[in-house]
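Listed in order, the protein sequences are those of chains A and B. Just so we're aligned, residue 1 is where the first sequence starts under this note's numbering, counting upward by one. Just so we're aligned, residue 1 is where the second sequence starts under this note's numbering, counting upward by one.
The reader is advised that the hints may include incorrect statements.
Listed next, the in silico DSS-like pairs over lysine-lysine satisfying Cα-Cα at most 27 Å (straight line) [stated by the list, open to error]:
{"#": "1", "chain 1": "A", "residue 1": "504", "chain 2": "A", "residue 2": "435"}
{"#": "2", "chain 1": "A", "residue 1": "116", "chain 2": "B", "residue 2": "373"}
{"#": "3", "chain 1": "B", "residue 1": "373", "chain 2": "A", "residue 2": "228"}
{"#": "4", "chain 1": "A", "residue 1": "523", "chain 2": "A", "residue 2": "417"}
{"#": "5", "chain 1": "A", "residue 1": "594", "chain 2": "A", "residue 2": "504"}
{"#": "6", "chain 1": "B", "residue 1": "100", "chain 2": "A", "residue 2": "89"}
{"#": "7", "chain 1": "A", "residue 1": "510", "chain 2": "A", "residue 2": "523"}
{"#": "8", "chain 1": "B", "residue 1": "162", "chain 2": "A", "residue 2": "87"}
Derived CB-CB ranges, DEER-like [said to hold, decoys possible]:
{"#": "9", "chain 1": "A", "residue 1": "299", "chain 2": "B", "residue 2": "324", "range": "31 to 39 Å"}
{"#": "10", "chain 1": "B", "residue 1": "186", "chain 2": "A", "residue 2": "85", "range": "29 to 37 Å"}
{"#": "11", "chain 1": "A", "residue 1": "46", "chain 2": "B", "residue 2": "188", "range": "30 to 38 Å"}
The set of hints was computed from the structure by calculation and includes no laboratory data. Glycine included, each C-beta is placed from N, C-alpha and C at the ideal position.
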Amino acid sequence: MINDSFSNRQYVIRIFIAVLLAIFVIQLFNLQLIKDYGEQADSNALLRRTIYAPRGLIYDRNGVLLVYNQPTYDILITMHELRVMAKNKTPLDTLELCKTLSITKVEFDKRIKEVKHRIGYSPRVPQRFITQLSPVEYAVLQEKLHRFPGFTIQSRTLRNYTYPVAGHALGSIGEVSRWMIEKDPYYKQGDYAGVSGFEKSYEVALRGQNGVEILLRDVAGRIQGRYKKGEFDKAAVAGDNLTVTLDIQLQILAEELLQGKKGSVVAIEPSTGEILAMASNPTWNPGLLVGRERSHNYAVLLNDPTKPLLNRATQGTYSPGSTFKPLQGLVCQQEGGITPETLFACNGPSSSPIRCTHHHGSPVNLESAIEQSCNPYFWNAYRETLEKGGYGDRNANFKANYERWRNDIMSFGLGPKFKDSDVPDQVNGSVPSIKTYDKWYGARGWRAITIRSNSIGQGEVQVTPLQLANSVAVIANEGYYITPHLHKCDSMLNHKHVSLIDKKYFPVVKQGMWRVCEFGTGKWYKLDSIPMCGKTGTVDNSHGRPHSLFVGFAPKDNPKIAIAVVIETSGFGATWANPIASVLLEQYLTGTVKRTELVNRLKTSVTDPDVKKY
Amino acid sequence: MSRNISIKSSIDWPIVFLYLALVFLGWLNVYGASYDYDQTSIFDFSYRSGKQFIWIICAIGLAGIILLIDSRFFQSFSTLFYILMILLLIVTAVVAPDVKGSRSWLVLGPLSIQPAEFSKFVTALALAKAMSSYGFKLRSFRSYLITGLIIALPALIIIMQKETGSALVYAAFLLVLYREGMPGLIPLIGFCCVVLFIIVIRFSDVPFAGVEAASTGLVIAFILMLLVVLVFLFLYKSDKETLKYLSLGYLTLYALAALIHLTGWISVNFLYVSLFCISASVIYLCVNAIRFRLRHYWLIALFLVGFTGYCYSAEYIFERILEPHQQMRIKVVLGMENDPRGVGYNVNQAKIAIGSGGFFGKGFLNGTQTKLKYVPEQDTDFIFCTVGEEFGFVGSVALLMIYMFFLFRLIRMAERQREPFARIYGYSVVGIFFFHIAINIGMVIGLAPVIGIPLPFFSYGGSSLWSFTFLLFIFLRFDISQTARVH
Ligand SMILES: [Zn+2]
Numbered sequence: 001m002i003n004d005s006f007s008n009r010q011y012v013i014r015i016f017i018a019v020l021l022a023i024f025v026i027q028l029f030n031l032q033l034i035k036d037y038g039e040q041a042d043s044n045a046l047l048r049r050t051i052y053a054p055r056g057l058i059y060d061r062n063g064v065l066l067v068y069n070q071p072t073y074d075i076l077i078t079m080h081e082l083r084v085m086a087k088n089k090t091p092l093d094t095l096e097l098c099k100t101l102s103i104t105k106v107e108f109d110k111r112i113k114e115v116k117h118r119i120g121y122s123p124r125v126p127q128r129f130i131t132q133l134s135p136v137e138y139a140v141l142q143e144k145l146h147r148f149p150g151f152t153i154q155s156r157t158l159r160n161y162t163y164p165v166a167g168h169a170l171g172s173i174g175e176v177s178r179w180m181i182e183k184d185p186y187y188k189q190g191d192y193a194g195v196s197g198f199e200k201s202y203e204v205a206l207r208g209q210n211g212v213e214i215l216l217r218d219v220a221g222r223i224q225g226r227y228k229k230g231e232f233d234k235a236a237v238a239g240d241n242l243t244v245t246l247d248i249q250l251q252i253l254a255e256e257l258l259q260g261k262k263g264s265v266v267a268i269e270p271s272t273g274e275i276l277a278m279a280s281n282p283t284w285n286p287g288l289l290v291g292r293e294r295s296h297n298y299a300v301l302l303n304d305p306t307k308p309l310l311n312r313a314t315q316g317t318y319s320p321g322s323t324f325k326p327l328q329g330l331v332c333q334q335e336g337g338i339t340p341e342t343l344f345a346c347n348g349p350s351s352s353p354i355r356c357t358h359h360h361g362s363p364v365n366l367e368s369a370i371e372q373s374c375n376p377y378f379w380n381a382y383r384e385t386l387e388k389g390g391y392g393d394r395n396a397n398f399k400a401n402y403e404r405w406r407n408d409i410m411s412f413g414l415g416p417k418f419k420d421s422d423v424p425d426q427v428n429g430s431v432p433s434i435k436t437y438d439k440w441y442g443a444r445g446w447r448a449i450t451i452r453s454n455s456i457g458q459g460e461v462q463v464t465p466l467q468l469a470n471s472v473a474v475i476a477n478e479g480y481y482i483t484p485h486l487h488k489c490d491s492m493l494n495h496k497h498v499s500l501i502d503k504k505y506f507p508v509v510k511q512g513m514w515r516v517c518e519f520g521t522g523k524w525y526k527l528d529s530i531p532m533c534g535k536t537g538t539v540d541n542s543h544g545r546p547h548s549l550f551v552g553f554a555p556k557d558n559p560k561i562a563i564a565v566v567i568e569t570s571g572f573g574a575t576w577a578n579p580i581a582s583v584l585l586e587q588y589l590t591g592t593v594k595r596t597e598l599v600n601r602l603k604t605s606v607t608d609p610d611v612k613k614y
Numbered sequence: 001m002s003r004n005i006s007i008k009s010s011i012d013w014p015i016v017f018l019y020l021a022l023v024f025l026g027w028l029n030v031y032g033a034s035y036d037y038d039q040t041s042i043f044d045f046s047y048r049s050g051k052q053f054i055w056i057i058c059a060i061g062l063a064g065i066i067l068l069i070d071s072r073f074f075q076s077f078s079t080l081f082y083i084l085m086i087l088l089l090i091v092t093a094v095v096a097p098d099v100k101g102s103r104s105w106l107v108l109g110p111l112s113i114q115p116a117e118f119s120k121f122v123t124a125l126a127l128a129k130a131m132s133s134y135g136f137k138l139r140s141f142r143s144y145l146i147t148g149l150i151i152a153l154p155a156l157i158i159i160m161q162k163e164t165g166s167a168l169v170y171a172a173f174l175l176v177l178y179r180e181g182m183p184g185l186i187p188l189i190g191f192c193c194v195v196l197f198i199i200v201i202r203f204s205d206v207p208f209a210g211v212e213a214a215s216t217g218l219v220i221a222f223i224l225m226l227l228v229v230l231v232f233l234f235l236y237k238s239d240k241e242t243l244k245y246l247s248l249g250y251l252t253l254y255a256l257a258a259l260i261h262l263t264g265w266i267s268v269n270f271l272y273v274s275l276f277c278i279s280a281s282v283i284y285l286c287v288n289a290i291r292f293r294l295r296h297y298w299l300i301a302l303f304l305v306g307f308t309g310y311c312y313s314a315e316y317i318f319e320r321i322l323e324p325h326q327q328m329r330i331k332v333v334l335g336m337e338n339d340p341r342g343v344g345y346n347v348n349q350a351k352i353a354i355g356s357g358g359f360f361g362k363g364f365l366n367g368t369q370t371k372l373k374y375v376p377e378q379d380t381d382f383i384f385c386t387v388g389e390e391f392g393f394v395g396s397v398a399l400l401m402i403y404m405f406f407l408f409r410l411i412r413m414a415e416r417q418r419e420p421f422a423r424i425y426g427y428s429v430v431g432i433f434f435f436h437i438a439i440n441i442g443m444v445i446g447l448a449p450v451i452g453i454p455l456p457f458f459s460y461g462g463s464s465l466w467s468f469t470f471l472l473f474i475f476l477r478f479d480i481s482q483t484a485r486v487h
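Starting from the given sequences, assemble the full structure and let the hints guide the process.
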């Protein structure tokens with residue numbers, strides 16, 4: 001036994017060990033319970049691969065397929081793998097890759113740089129390198145793909161169109177903007193979404209729900225299987241197939257008839273508010289705004305001074321001119337300014353304060369006034385309506401009359417745009433308020449005579465062709481409209497708007513409009529067997545020839561279609577808008593147009609040489 | 001037969017149980033760490049878990065053989081073993097092929113072994129033999145020279161084999177020397193050196209209290225030194241007055257400086273305040289040393305002067321003596337450099353793996369970071385990541401507890417040895433295990449620099465498992481003889 005005087009030092013050693021292990025426990029506590037490494041671990045090991053949902057197809061009202069999907073291929077690049085290859089002394093054969101992709105080395109480097117500077121860039125996450133290869137390009141690349149590790153292919157779909165028409169109505173899909181990504185976290189950079197037209201209005205229904213598969217990726221970027229055997233994977237849900245209200249044959253014909261002209265056509269089924277055709281010219285083949293050519297073509301369209309991207313049917317505002325007169329006739333009856341029997345004298349072109357543009361017998365009643373488009377009649381009717389009961393103290397009575405007139409007019413859907421409609425890109429029309437006039441003329445500075453131009457649709461009232469067509473639908477329906485819309489569904493029938501005009505005032509106006517097409521300005525283009533109602537309009541235009549307008553519906557009883565046609569800077573309403581409308585009515589009601597010569601003349605005639613066909 | 005009975009009755013079953021538990025858990029984690037999604041069985045011999053199973057079976061067999069050998073055998077031949085070992089190490093350093101920059105593996109046909117692993121218990125035996133020889137006392141210069149040589153010789157050869165990590169393990173013998181009577185001052189000074197070095201380097205760029213010339217590292221180091229001085233004075237209790245005056249003096253000076261600083265009148269350089277405190281203390285201690293004829297006041301004064309110099313030269317040591325990659329490792333450990341792709345990559349990935357385990361872990365075989373090889377060396381040096389990721393905080397702490405029980409049990413066993421040889425060997429075992437555990441886990445959780453040494457019984461590999469088994473069971477053999485003798 002040796003005297004061991006240092007035995008107590010075992011406790012120092014024990015304490016030292018315990019303290020050190022306690023420090024380890026504290027650090028483990030810190031790492032595992034306080035800091036959150038879960039996200040970093042997931043971004044290491046989990047690769048979330050999006051499974052793109054097939055976008056919904058679009059059919060026309062008769063079940064004709066309009067928009068479908070075609071496969072396209074994106075090349076993805078994983079920078080980390082390129083780095084690994086360079087490290088292993090087997091760098092990428094850049095020249096060979098460039099040759100295969102038919103791009104230059106400069107472009108290749110530029111793309112690499114662009115990829116690295118993306119927001120949310122990660123060297124381990126595959127990044128889009130080149131997008132939208134055609135199936136042919138894909139086939140060429142796929143054979144050689146094994147020689148370019150780090151590059152993978154992701155298949156997606158692009159839109160394809162059965163007919164090269166209805167670009168404005170259908171719209172297009174494009175890459176989501178940063179703004180859209182911020183607004184809706186569903187989107188990620190490089191995703192596609194509807195950016196205009198029907199594609200935009202029904203984006204959520206059409207896009208479906210992208211799925212995701214969560215894969216395990218090892219440190220070298222190789223996929224090692226599914227995370228938790230796919231427990232958290234989500235299958236893609238295909239987008240809904242939707243039906244648009246368009247009649248594609250009518251739409252095609254409308255666009256053909258508009259060739260060489262600036263203008264637009266809107267046709268509505270009055271009983272349902274369904275838009276049968278909505279054409280605006282100049283327009284473009286929707287197939288142009290698809291794929292890699294999209295941005296180039298879009299720029300071309302954007303820079304065209306004739307503004308093909310403008311949907312004139314919903315974004316063009318015009319004075320309604322004489323097409324306003326049927327509405328005026330209805331409102332003035334409703335407000336007691338006139339009765340169908342009321343007669344006003346007309347002195348033809350020498351009438352005052354508004355001259356008449358036609359020669360006809362005098363005096364005229366409402367029916368003949370519509371037929372003859374008699375300006376003095378409508379001025380007198382307007383004046384009677386506004387001045388009924390005198391001007392009153394501080395014009396109060398006059399202003400009350402005006403306010404009633406304005407409300408009546410707006411109950412045809414004029415003024416503000418249709419807020420409950422799915423029609424995209426609408427702008428507001430205008431029916432001036434008392435406030436506006438007070439501001440212009442002073443509170444007591446304006447009287448009926450001041451705003452007389454309103455009586456014949458040449459004043460401050462502004463309408464879009466969509467509103468114009470809808471207002472005719474109200475006449476066709478004798479007192480109501482369903483909000484015009486593009487998605488064919490029954491729920492829109494609930495959006496019924498009853499006008500402030502009593503049903504009993506309509507027949508005489510309809511009769512007048514029938515007479516227009518039978519004996520009046522529209523008699524040249526009446527339909528053989530179907531009685532149609534209409535009204536031409538010739539709207540003065542400070543930029544040149546007047547705008548040619550026509551509104552109408554057919555058949556006279558139980559109308560099936562209401563239409564508005566506007567041809568800018570072209571001449572009389574009877575010259576352009578009327579025949580175009582007539583041909584379209586025939587097409588829709590009979591399924592064909594017998595007047596082939598007329599159709600050919602309209603298709604080939606050019607009123608605006610600047611308009612190009614895309 | 002009688003020998004078997006004596007083994008059964010006198011073997012320390014708790015340590016055997018802890019050994020088996022650690023080996024078994026280690027095996028599970030090797031399976032978890034090297035698991036690949038195609039592997040079907042833990043016994044699949046083409047995978048590491050299967051191979052580890054063979055190593056384990058062999059290790060248990062070897063353990064049994066060791067227990068059957070007479071303990072006097074190890075004692076008598078320890079010097080011879082040591083000499084053979086040194087020769088083998090030298091041979092290895094010369095003939096071993098270069099494997100990833102290390103020349104420590106001897107390849108014998110299909111088997112490759114790392115002699116450095118086995119030199120640990122041989123050195124322990126030799127050290128025990130030398131220190132337990134008659135009349136040996138850790139006092140004389142000669143005794144330190146002998147022990148120092150025994151420890152340093154294999155370490156130096158291993159450094160020549162470019163296995164710095166394994167060589168550092170020989171520092172573990174300091175624990176033995178301490179237990180056997182080396183003055184506590186020596187490890188304390190060593191400890192102070194490390195702590196002050198870390199503080200000075202870590203905060204060298206941070207100005208203290210907004211004064212550019214005052215490095216926070218130095219100010220904190222000096223304040224700590226003054227505190228250590230007060231602790232010394234308190235422990236020796238020889239002179240209440242000195243302790244009282246010095247502590248009051250420090251308090252007043254620092255409080256005054258802080259007060260003046262806070263009023264914003266003058267921005268005080270606390271480095272000068274600290275230096276003034278130190279010089280005043282040195283003078284005061286020297287005066288008192290003469291006055292009261294107290295030798296250790298001289299030593300305390302020397303401590304202050306020496307470490308003041310050390311702190312000032314620490315930066316020099318860091319910049320000039322350490323190599324750039326060593327500097328980098330230290331900087332990463334100290335959190336001065338954030339380098340997740342370079343030196344810090346391993347540790348950063350290890351932290352992610354462990355951190356993502358959370359409280360209960362992801363479950364056995366459900367870890368993603370280790371499975372997908374984000375953690376390098378995930379089944380050898382970084383195996384603790386698998387524990388942390390798959391078994392979470394609960395599992396990690398449980399493992400630390402098992403290791404603590406294991407070490408405490410070894411200490412208890414070492415203390416009950418009557419023969420100094422067995423006790424010294426026992427403390428060598430404690431020291432070696434403790435060093436491995438502390439450095440390995442410390443490295444993986446980012447508290448120690450990256451030094452590639454295995455975690456006992458957990459890291460994959462036959463050499464390390466066998467060498468740890470030898471180390472432990474030779475001690476167990478001594479313990480059995482001791483217990484048998486007592487009975
Ligand atoms: Zn007239």
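- In rising order, the numbers of the hints this structure does not comply with: 1, 4, 5, 9, 10 and 11
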